[in-house]
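Colleague: One line per chain: the protein sequences are A, B, C and D, in this order.
All residue numbers for the first sequence refer to our numbering, where the first residue is 48 and numbers rise by one.
All residue numbers for the second sequence refer to our numbering, where the first residue is 48 and numbers rise by one.
All residue numbers for the third sequence refer to our numbering, where the first residue is 48 and numbers rise by one.
All residue numbers for the fourth sequence refer to our numbering, where the first residue is 48 and numbers rise by one.
Hints listed in this document are in silico derivations from the structure and should not be mistaken for laboratory results.
Don't take each hint at face value.
Identical copies carry no separate label here, and so any pair may be met within one copy or between two of them.
Unchecked claim - Once the Cα atoms are required to be at most 16 Å apart in a straight line, the calculated EDC-like pairs of lysine to aspartate or glutamate come out as:
{"hint": "1", "residue 1": "Lys245", "residue 2": "Asp234"}
{"hint": "2", "residue 1": "Lys245", "residue 2": "Glu194"}
{"hint": "3", "residue 1": "Lys138", "residue 2": "Asp111"}
{"hint": "4", "residue 1": "Lys340", "residue 2": "Asp214"}
{"hint": "5", "residue 1": "Lys181", "residue 2": "Glu128"}
{"hint": "6", "residue 1": "Lys245", "residue 2": "Asp235"}
{"hint": "7", "residue 1": "Lys249", "residue 2": "Glu194"}
{"hint": "8", "residue 1": "Lys377", "residue 2": "Asp235"}
{"hint": "9", "residue 1": "Lys106", "residue 2": "Glu155"}
{"hint": "10", "residue 1": "Lys340", "residue 2": "Glu94"}
{"hint": "11", "residue 1": "Lys181", "residue 2": "Glu191"}
{"hint": "12", "residue 1": "Lys106", "residue 2": "Glu128"}
{"hint": "13", "residue 1": "Lys100", "residue 2": "Asp111"}
{"hint": "14", "residue 1": "Lys62", "residue 2": "Glu94"}
{"hint": "15", "residue 1": "Lys89", "residue 2": "Glu209"}
{"hint": "16", "residue 1": "Lys249", "residue 2": "Glu209"}
Listed here are the chains, written in short residue letters.
4 protein chains.
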Amino acid sequence: MTLRFGVIGTGAIGKTHIDRITNRLSGGEIVAVTDINQNSAKSAVEEYGIQAKVYPDDKSLIADENVDAVIIASWGPAHAESVLAAIEAGKYVFCEKPLATTAEKSLEIVEAEMKFGKPLVQVGFMRRYDQGYKQMKNAIVNNEIGEPLMIHAVHRNQSTSENYTTDMAVVDTLIHEIDVLHWLINDDYKSIQAIFPKRTTKALDHLQDPQLFIIETQRGIVITVEVFTNCQFGYDIQCEVIGEIGTIKLPEVPTPVVRKNAAISQPILQDWKDRFIVAYDLEIQHFIDSIRKKGYPEGPTSWDGYIAAVTSDAGVRAQKTGQKELIELKARPEFYKSKNSPIQNLMS
Amino acid sequence: MTLRFGVIGTGAIGKTHIDRITNRLSGGEIVAVTDINQNSAKSAVEEYGIQAKVYPDDKSLIADENVDAVIIASWGPAHAESVLAAIEAGKYVFCEKPLATTAEKSLEIVEAEMKFGKPLVQVGFMRRYDQGYKQMKNAIVNNEIGEPLMIHAVHRNQSTSENYTTDMAVVDTLIHEIDVLHWLINDDYKSIQAIFPKRTTKALDHLQDPQLFIIETQRGIVITVEVFTNCQFGYDIQCEVIGEIGTIKLPEVPTPVVRKNAAISQPILQDWKDRFIVAYDLEIQHFIDSIRKKGYPEGPTSWDGYIAAVTSDAGVRAQKTGQKELIELKARPEFYKSKNSPIQNLMS
Amino acid sequence: MTLRFGVIGTGAIGKTHIDRITNRLSGGEIVAVTDINQNSAKSAVEEYGIQAKVYPDDKSLIADENVDAVIIASWGPAHAESVLAAIEAGKYVFCEKPLATTAEKSLEIVEAEMKFGKPLVQVGFMRRYDQGYKQMKNAIVNNEIGEPLMIHAVHRNQSTSENYTTDMAVVDTLIHEIDVLHWLINDDYKSIQAIFPKRTTKALDHLQDPQLFIIETQRGIVITVEVFTNCQFGYDIQCEVIGEIGTIKLPEVPTPVVRKNAAISQPILQDWKDRFIVAYDLEIQHFIDSIRKKGYPEGPTSWDGYIAAVTSDAGVRAQKTGQKELIELKARPEFYKSKNSPIQNLMS
Amino acid sequence: MTLRFGVIGTGAIGKTHIDRITNRLSGGEIVAVTDINQNSAKSAVEEYGIQAKVYPDDKSLIADENVDAVIIASWGPAHAESVLAAIEAGKYVFCEKPLATTAEKSLEIVEAEMKFGKPLVQVGFMRRYDQGYKQMKNAIVNNEIGEPLMIHAVHRNQSTSENYTTDMAVVDTLIHEIDVLHWLINDDYKSIQAIFPKRTTKALDHLQDPQLFIIETQRGIVITVEVFTNCQFGYDIQCEVIGEIGTIKLPEVPTPVVRKNAAISQPILQDWKDRFIVAYDLEIQHFIDSIRKKGYPEGPTSWDGYIAAVTSDAGVRAQKTGQKELIELKARPEFYKSKNSPIQNLMS
Ligand SMILES: [Mg+2]
Ligand SMILES: [Mg+2]
Ligand SMILES: [Mg+2]
Ligand SMILES: [Mg+2]
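Put together the whole structure using the sequences plus the hints.
Modeller: See below:
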């Protein structure tokens, strides 16, 4: 059984998914596409030489009985309605982040999914599929560094467009750490504080850059995350977990070491799209495989999307108040506990 | 068009190819299998749940008109006859190393392929598909370190079985460096010398381990390769090219860095199968893609298999004589020049 | 002219200074010693085979006209009175940290020194003499990473004795970062916040360990310092400065890299005394040399001791209040500006 | 007792020794100097403000009864006669490499010293005092990597002057590895082979650069040394010992790591004088200390100088013949065994 996909949103990210499902992965095919720009949808069909119907909107695409699963790669504010429509139709959903732009809407999705009665949704938090994070998770689970006490993380981008605003440091950038870190230490967040250092002169005036976030968890673990989106030098993701008996650090991206011009050096990636390129393939392959084998996706859940939304909201508040803001989650429903944990699968 | 594969040899390596084509890659399917042990072939079909005919031998499998391409993963000495039969039938061939166990037989394959009139054969030299080697190649082509003058390479295995003999250090182990290094520097070999250091007491008495090889190329580049197959600590592949203005070194395998017990440490792989696991996928995907797009495989050619065979022969002689042995290749036929270079594709 | 030293305090640290001046450095000799434990003073004389008078107390030692300079290595609370007595007598002073245990007493020393009319005092902040910090300072001064915006620092000790209390994380441990970081970025501090993560179970119950400090400077640079004094694995000092166009990080202590037992590893120091061992020699040699050449010590000044005391006080308050505490320094007197900067000497 | 030095040769290296004994080390002073250029000797006295007699030649300096020890830093071919004269006079000798330019002359010195009846001579092989090599030696002695089987070493200089000739790759450059490697593994050499790779175009036409040397020891350890003296990029010394159960590698020179301009980089030293700068201090301090404490120098001996001379001779022959040349040492006299080993002292 090949999983038949409809793709909602044929911009840059949507096209990378069409490409990987068509040309690199196993077990999936693209049978339908749509985009608010119909020409974009049509040209995607041509570009990848796929036999896919072009639909006028998400609703009609979702209604196509040949569509088993939808990939939502549209504009963020449009995600939630597409997800809800797909759940309504009983279709599987791979939704790029954010699942929804508010905590309320995320919760609505969670409730719709529980009402439907089985997991349908996977959120595009690809870092959990990165080999480095998986190895760290594995080491922590195996108690190699003892109980975690602190995390130091760094998220640096070379530069941002003029549309990038101060709150996007949370909702677009920090969001990846928000998801991956609670997964990494298997804990829930309690509060978040934002600190604004001296601004770089390399960013536009409207933007506070860099920013420092201090997040505390229910168990008392303290996380610092540097977000610096105009660091000039490259895309640089770092993460170190400090435990009772040792620390563990995400490996650097492997690149050849050159000795030349009085220096030992190795390249840093400049394009963020290259950093987790293997993880992007793995997240979709895992989505396909788990649906084919178990009947539901095993990756990051709607509940993970809800956690990210609640934490993001608190983070944006913290930027404004300068105070420690509480992160108040509802109790985790049994529905999101009983499911086979994606963590365990990633560990194997 | 899906490329339909017949697999000759369903041992460990054959099964990894069945797995990747069935479960991870795009554009291929397994339609036929055979093995000298028929039960092995049958159980492979069951294990992977594939719809594939089980043939009694390579000839009958090759004759199946549903088979577009064969993967040869049988015992090394059987490779050449299967390759020749496949060429005779006009089928594409992915042949694990060695292409043949003698230089003469390799040449016979080269001639058969030229007579057929288009490239059909790709040899399983997967290192060319490793990201680290590709980046090194790219840097050398871009003249980042100037003209290469020397290479220092290291090939260490944790341990060997009792069947592993002194000559296998060349034909089974060094062979990977033999292939990847001439590709890396785009040169041909001229001579090889073998030096036997003090033996490790951790290997069986019949085995000379470690060994050191000195290879010179036509352009005068001097290559040293340490082969140490019972190094105890892990699988460790190193390669540094020294050029006129700089050096470049293969990256270490990325693993998390742990601080614990008075040390900073990171794991070394112990199983060689993990080291080039991405490269194995890429070599087969490239085989499929290039055949589908261009009508012939673009990876390592029969001529590369011939180079490896001639160099191996000289290496084994060098082990015996203690002298510098010449590596005498025939002139490279136009047929293996005019073809689009796989190198260029790997660089893109 | 040999600089003739009197040593006040012949405990562990005092003896290392006797050793280095007697056996390794140039231009100094020990002519007098004292300790509240007279036997300790006498046995130090014997142990190092030096010809030094043993005095009953600091005052009589200072009064010896053969004494040009005193080294104060007594119990911290005794430092200030010895320093003041030495200034009164016009003797040079090398005082181990802290200069004084309160900001007020530090200020009294500063004023006494200014009244005397020339610099006499060097405080034992040896990190400024560490090659790694000096190289970082040099790079920052040369604008290699652009204007500094943030610092991430780490101060980890293997374990602490039962006498070590929560406030000592500031006054004994963080104090080294307090001194070296304002020197590194040539800025003054503005505020400090203390955050208490989940406690390690490897420390005694009375101790909060680890701790996280957030320090802001007048220019707006935000500094995070992890202080973790029972990290179990070793003595580990890290420092990264993040600038507008790049970052720079303190080098790891160089130790041989071993491949063994499925790991690549290198030792971490376990004894803090080994970490800055070269810097300890250099700080005393610099004290001797600058006095001999220029007539006053060029190293860290009384004013640096005052900065450390004020910042420590605020840090201890911050531990108690959980709030951001202001660091309020008096204006830097001209006296401590006009002097040739030790920084510039360290850079040459 | 201060050790009173006479310095023979006040060129660049001689002056660094005057500087360190006068300004940095403990227990020595310069009381006499000479140079074939008398103005050089006079100006050295002025430059360092020392009270030292200027002698017309080595013989008269050695005869000065105020001179306890001589430092020989003259032109290499003049070393042996000065050493012999000093032994004749019963003076201690610190002789820069080479001890003598021929094996015969080295042996003459060895015999003169034995005739005198106690060790007087230390040869300036400073690498044994480098912290990295000492740590490696220590690890090997402690059997951390098992019995050594191979060594890979690299000696790269940025560039050479036009006076540098092909044989100097042995007598001036490789000589440091010749000394330090037999000390490191506690073995004697058996043969040496020289291999000439493709020449760099960055060196003058008369020079073969790079060169590769293969040295075998009595125990069968095989050593490869790359000598590349116009590598353009910096001064780069590497050494890895491969043992039965692990490998150990000399640490890189510690320098801050910078992230900038799409790269992670750290500087490589360009000036060889900086690489072993601490070791130069330590070798002279050790010379002074051991003479003061034990009555003879404990560092590298005349016998080590003889080993270096015999091995160099064979290396130069190997450059010419292209063959493996034997390294034939006389039996080590009891005189050079019974002495307390400098190795053991370096280990403590
Ligand atoms: Mg994603
Ligand atoms: Mg292969
Ligand atoms: Mg100190
Ligand atoms: Mg020397």
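Colleague: Does each hint fit the structure? Answer for all of them.
Modeller: Status of each hint after checking the structure:
In this assembly of identical chains, the alpha carbons of lysine 245 and aspartate 234 lie at most 16 Å apart only when taken from different copies (13 Å versus 32 Å within one copy). For a Cα distance limit of 16 Å, the shortest separation of lysine 245 from glutamate 194 across copies, 9 Å, qualifies, whereas the shortest one inside one copy, 34 Å, does not. Taking the shortest Cα distances, lysine 138 and aspartate 111 sit within 16 Å of each other inside one copy (10 Å), while across copies they are farther apart (40 Å). In the homo-oligomer, the alpha carbons of lysine 340 and aspartate 214 never lie at most 16 Å apart, since the shortest distance is 40 Å inside one protomer and 46 Å across protomers.
For a Cα distance limit of 16 Å, the shortest separation of lysine 181 from glutamate 128 qualifies neither inside one copy, at 32 Å, nor across copies, at 44 Å. Taking the shortest Cα distances, lysine 245 and aspartate 235 sit within 16 Å of each other only across copies (14 Å), while inside one copy they are farther apart (30 Å). For the homomeric pair lysine 249 and glutamate 194, the shortest alpha-carbon distance between copies (11 Å) is at most 16 Å, but the shortest distance inside one copy (39 Å) is not. Only within a single protomer do lysine 377 and aspartate 235 lie at most 16 Å apart by alpha-carbon distance; the minimum there is 11 Å, versus 44 Å between protomers.
In this assembly of identical chains, the alpha carbons of lysine 106 and glutamate 155 never lie at most 16 Å apart, being 18 Å within a copy and 61 Å across copies at closest. Only between protomers do lysine 340 and glutamate 94 lie at most 16 Å apart by alpha-carbon distance; the minimum there is 15 Å, versus 31 Å within a single protomer. When the C-alpha separation of lysine 181 and glutamate 191 is checked against a cutoff of 16 Å, the pair qualifies only within one copy, where the shortest distance is 14 Å, while the shortest distance between copies is 31 Å. For a Cα distance limit of 16 Å, the shortest separation of lysine 106 from glutamate 128 inside one copy, 9 Å, qualifies, whereas the shortest one across copies, 57 Å, does not.
In this assembly of identical chains, lysine 100 and aspartate 111 lie within 16 Å of each other by CA distance solely inside one copy; the values are 9 Å within and 36 Å between copies. Proximity of lysine 62 to glutamate 94 under the C-alpha cut-off of 16 Å is restricted to the intra-copy arrangement: shortest distance 9 Å within a copy versus 34 Å between copies. Taking CA atoms no more than 16 Å apart as the test, lysine 89 paired with glutamate 209 passes in neither setting, with 29 Å inside one copy and 61 Å between copies. For the identical chains of this complex, lysine 249 and glutamate 209 are intra-copy neighbours only, at 12 Å inside a copy versus 47 Å across copies, given an alpha-carbon limit of 16 Å.
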